[in-house]
Amino acid sequence: MAITREEVLHVAKLARLELSGDEVERLTLELGAILEAVGKVAELDLDDVPPTSHPLELVNAWREDEPYDSLGLDAVFANAPQREDDLFRVPPTT
Amino acid sequence: MTWQPVVGLEIHVQLKTRTKMFCRCANGFGGGENTQTCPVCLALPGALPVPNRIALEWTLKLGLALGCEIPKRAVFARKNYFYPDSPKGYQISQYDLPSCVNGRMLVPSSAGDHEVGIVRAHLEEDAAKTVHVGGRTGRIGGAEHSLVDFNRVGTPLVEIVTGPDIHSSEDARRFLQLLRQTIVELGISDAEMEKGTLRVDANVSVRPAGSAELRTRCELKNMNSFRFVAQGIDAEVARQIAVYEAGGEVVQETYDFDASSGALTARRSKEEADDYRYFPEPDLVPVEPPAELVERLRGELPELPSVRIRRLERELDLDRALVLVTGGLDRLYEATVAAGAEPLPVANLIANRLATSAGDAVDASQLALLVGARDRIPRAVLDDALSHIDEPGFEAAPYLAQEAVSDTGELEPVIARIIDANPGQVAAYRGGKEGLLGFFVGQVLKETGGKANARVVSELVRERLGA
Amino acid sequence: MGVSSVSSVVDTLRLTAEEAAGLVERKEVTGAELHRAYLDAAAERDPELHCYLRLVDEPNGDGVPVALKDVISTHGIETTAGSKILAGYVPQFDSTVAARCKAAGLPIIGKTNTDEFAMGSSTENSAYGPTRNPWDPERVPGGSGGGSAAAVSAGLAPWALGSDTGGSIKQPSALCGNVGLRPTYGTVSRYGIVAFASSLDQVGPVAKNVRDCALLYSLIAGRDERDSTTVELPEPVRLPEGEDLSGLRIGVPKELNEAEGIEPGVTTAVQNAIELARSLGAEVGECELPRSVEYGLACYYLIAPAEASSNLARYDGVRYGLRVDGESYREMVERTRDVGFGDEPKRRIMLGTYALSAGYFDAFYGQAQKVRTVIAREHAAAFERFDVLVSPTSPTVAFKLGEKAANPLAMYLSDLLTIPSCMAGLPGLNVPCGLSEGLPVGLQLIGPQFSENTLFRTGHALEQAIGFDPVPERLR
Ligand SMILES: [Mg+2]
Ligand SMILES: [Zn+2]
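Line order of the protein sequences matches chains A, B and C. Going by my numbering, the first sequence opens with residue 1, and the numbers climb by one from there. Going by my numbering, the second sequence opens with residue 1, and the numbers climb by one from there. Going by my numbering, the third sequence opens with residue 1, and the numbers climb by one from there.
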């Protein structure tokens with residue numbers, strides 16, 4: 001299972017990773033090899049097998065609708081890269 | 001060729017639970033920016049979602065009110081996308097296994113009940129609020145930076161998806177009014193478009209009348225009132241018809257509707273197609289609503305607005321029935337009629353003179369007395385009575401005791417004075433502007449301090465001006 | 001009591017947590033003195049081994065100190081998950097396990113090194129440099145919890161917590177010669193654990209012996225209302241005492257014991273342990289897990305990266321962590337993630353994004369979820385006949401630094417034997433069972449869900465019979 005350079009670039013866009021040129025080359029090779037190995041799962045005919053998304057068969061885990069104290073602004077912004085008043089500032093979303 | 005609009009709606013409703021969907025931060029307006037946030041809704045490393053039981057129940061309740069089936073199992077999934085309003089980098093939303101499916105709502109129309117299919121109603125979480133700052137034009141395109149307030153993120157949101165079953169902007173508006181009333185009566189949301197607690201997107205296409213095909217549709221967003229939804233649909237339908245009639249093809253696109261200009265602006269198409277990479281949310285387990293819960297919720301449902309409209313239509317026309325029901329005034333109407341008042345005057349008086357909020361506080365028997373006496377007592381007294389009618393312990397009796405002046409001997413001189421003082425209006429009336437009758441009656445009422453019997457005055461004025 | 005006399009009582013290389021608790025209880029040392037003794041040991045040996053990313057000088061409790069893997073959020077103490085993207089990030093809340101340690105009076109002594117976002121099998125993927133194996137500093141301690149395992153073996157912590165997604169507690173414990181438990185999925189809260197793969201991640205203890213391991217597990221386990229995937233333990237944790245294994249049915253899965261790449265010295269030590277178990281009264285029989293072992297690794301390397309690609313989307317430079325500026329929001333995010341993530345997280349984010357993307361979901365992620373069902377069923381069938389399954393934990397003893405770093409697939413094979421049971425949410429215990437080429441060999445004990453007490457009983461009895469000395473030879 002090979003992956004093309006274009007696919008790598010497309011996936012990098014989806015994943016929001018700005019990859020440098022040689023990273024693209026290296027990842028194309030590495031991902032190709034890994035996909036070849038993991039593609040093994042396709043060998044099994046599992047049409048009648050249900051998927052498992054969770055190791056325990058739990059259902060209906062919920063909580064009551066009762067508020068707790070929120071963090072407080074000092075804690076909210078303690079690690080903020082950029083704060084403007086009481087808002088998180090980011091570059092323009094264009 | 002005649003064209004038929006084909007419209008499907010996607011409605012997002014913010015639930016007014018006390019806490020957010022997946023964390024226990026207070027839900028709703030009020031707090032300063034970013035004060036209603038915690039590790040979970042800020043997506044700090046390691047924080048985990050825990051679902052709000054009430055939000056789950058309210059979703060089921062809404063689904064039941066919309067005639068939905070409640071599948072045995074619902075599963076939350078992750079919808080992955082990057083945007084500053086999405087702190088986790090994904091939205092938790094029900095995807096292939098929603099809480100409610102396959103419902104319908106009957107929308108009464110002059111041509112009988114019109115059925116709008118509810119494809120699904122599912123539970124998800126709202127995004128944060130992003131403000132765009134700077135830039136010459138003040139528009140997003142020219143923004144210099146953006147600011148994010150995470151108070152709204154994680155608000156429980158029910159998304160309702162209808163089938164492509166709506167065929168006019170009027171039907172869309174009526175459907176939305178009924179849906180909104182249903183939601184409000186369930187007590188699960190304020191459902192106000194102006195505040196964004198109810199949001200509507202419309203998928204619009206057209207087809208030759210009589211055909212069953214579904215053509216390329218366009219999505220309309222950013223309409224913040226029912227009126228604008230209707231205007232937006234009309235504008236988009238007209239645009240698509242024009243495209244087809246000019247021999248063109250409609251291209252799938254998302255438009256923002258600008259209410260002030262009535263213009264549709266296409267959103268800049270994205271560089272790459274959306275690929276949300278949905279997969280089951282591994283931090284949450286499936287929801288399997290117990291049968292007893294579903295039955296309890298079903299038992300708690302109020303009588304549905306569309307059913308009540310149907311009943312009111314036996315005595316009233318559809319528009320009046322709709323106004324009463326969507327104003328939350330129909331129960332008062334029915335009680336007042338049951339107390340012996342005439343239906344049409346009750347409907348008019350309630351619809352025109354009482355605030356929606358007053359409905360529940362009014363004693364129908366007292367209102368019935370006022371309606372019965374409406375022509376006998378002076379207008380000012382009636383107004384006075386209506387302004388106090390929602391107060392506790394209100395009694396109609398003292399107001400009823402005040403007879404209006406119906407004595408022609410007393411009224412004639414006043415009428416004569418008004419007519420002499422307004423020769424222009426008199427000429428206009430006689431020239432055919434019969435609507436001016438109200439002007440003269442109003443002047444007489446004013447002159448008599450509201451004590452004149454309006455019906456008698458109206459007859460006298462017509463007599464004097466007639467010929 | 002002066003510092004010199006404390007060090008005569010507190011031999012951090014040998015002292016078990018249980019013994020340390022006894023010293024404090026009998027007032028032979030104070031909690032602060034105990035804490036100081038481990039800090040002193042760290043001052044002496046950590047410059048070489050680099051088990052810790054940071055140490056906590058002031059103890060916040062009187063009990064036996066505990067080291068926490070740096071994926072465990074600690075209020076007010078920098079938590080980086082071994083990544084540059086979280087450099088300087090100071091949590092404003094405690095993870096549930098950190099809170100439970102505090103509530104039990106265990107002061108946090110430090111945060112231990114880890115492969116970045118717990119992605120790795122050697123702790124070489126840490127953005128802050130590798131940890132070295134106390135038995136041979138030329139070799140890796142295993143991973144991703146190499147810092148915790150090495151700290152316990154080197155006497156820099158009496159016990160520690162790690163996290164295990166596909167073997168990150170069990171495998172480093174095997175390579176460092178100590179006891180590590182990956183608990184049943186759902187028995188320990190993940191709240192506040194920097195997520196790698198949510199349906200697999202599980203926090204667990206690393207200790208010098210099975211009793212310490214059981215004790216620490218008892219302090220952190222049980223339902224947490226902040227993690228809806230947790231459950232209450234069906235029965236309380238029992239500290240193991242007995243030394244016989246009569247009545248215990250031990251299964252030896254052929255595929256886990258005969259897999260290609262298992263070193264002969266590892267096989268010999270494991271077989272000796274199995275013979276010992278028989279002599280202690282256990283019934284031993286063979287069993288099979290054919291598809292679990294053949295497809296387990298592939299299944300894991302689809303599911304774990306898929307979940308990781310989504311879990312790591314929150315590192316966007318908006319609210320915390322690294323930000324590398326850009327002209328637009330998008331550019332800022334792409335640059336931040338490019339600079340902030342190391343090679344292994346990038347590889348897994350790419351792999352996971354690909355496996356979930358339109359057109360590939362069914363063939364990769366969807367199919368892997370079905371394989372997961374197959375794996376769970378195979379194990380369930382084995383547990384109809386056996387109480388415990390045994391195998392080597394790692395196919396090899398500790399390997400040299402750099403030996404596998406250039407070949408991700410070779411590195412992934414380190415977890416070949418630990419992964420299948422993780423996919424099924426099963427508990428697994430590593431118990432040292434001897435040396436090969438002077439390096440520890442780990443025995444893996446796997447049980448059905450919630451069978452921790454059985455694993456402790458088995459591990460304890462074997463530990464007594466094996467008599468493994470957990471102190472690295474070169475430090476004795
Ligand atoms: Mg939605
Ligand atoms: Zn919150």
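Rather than coming from a laboratory, the hints here were simulated on the basis of the structure. Heads up, some of the hints might be wrong.
Okay, derived cross-link-like pairs now, SDA-like style, lysine to any residue, Cα gap no bigger than 25 Å in a straight line [stated by the list, open to error]: (1) B/Lys79 to C/Leu409; (2) A/Lys40 to C/Ala99; (3) C/Lys84 to B/Phe82; (4) B/Lys221 to B/Trp3.
If you want the footprint, here are the derived chain B segments under chain A, 3+ residues with CB under 8 Å [claimed, not checked]: (5) 82 to 91; (6) 297 to 306.
All C-beta atoms, glycine included, are put in the ideal place defined by N, C-alpha and C.
Now for the hints, and whether the structure bears them out:
Proximity of B/Lys79 to C/Leu409 is assessed by CA-CA distance (about 30 Å); at most 25 Å being required, the pair is judged violated. Only pairs whose Cα atoms come within 25 Å are accepted, and A/Lys40 paired with C/Ala99 is rejected, the gap being roughly 42 Å. Under the criterion of a C-alpha separation no larger than 25 Å, the hint pairing C/Lys84 with B/Phe82 is consistent with the structure, at around 21 Å. With a C-alpha separation of about 23 Å, the suggested pairing of B/Lys221 with B/Trp3 holds against the 25 Å cut-off.
With 3 residues carrying a beta carbon less than 8 Å from a beta carbon of chain A, the region 82 to 91 of chain B meets the three-residue requirement, and the given coverage holds. Here the region 297 to 306 of chain B counts 0 residues with a CB under 8 Å from a CB of chain A, which misses the bar of 3, and the coverage is violated.
The structure is inconsistent with the numbered hints 1, 2 and 6, although it conforms to all the rest.
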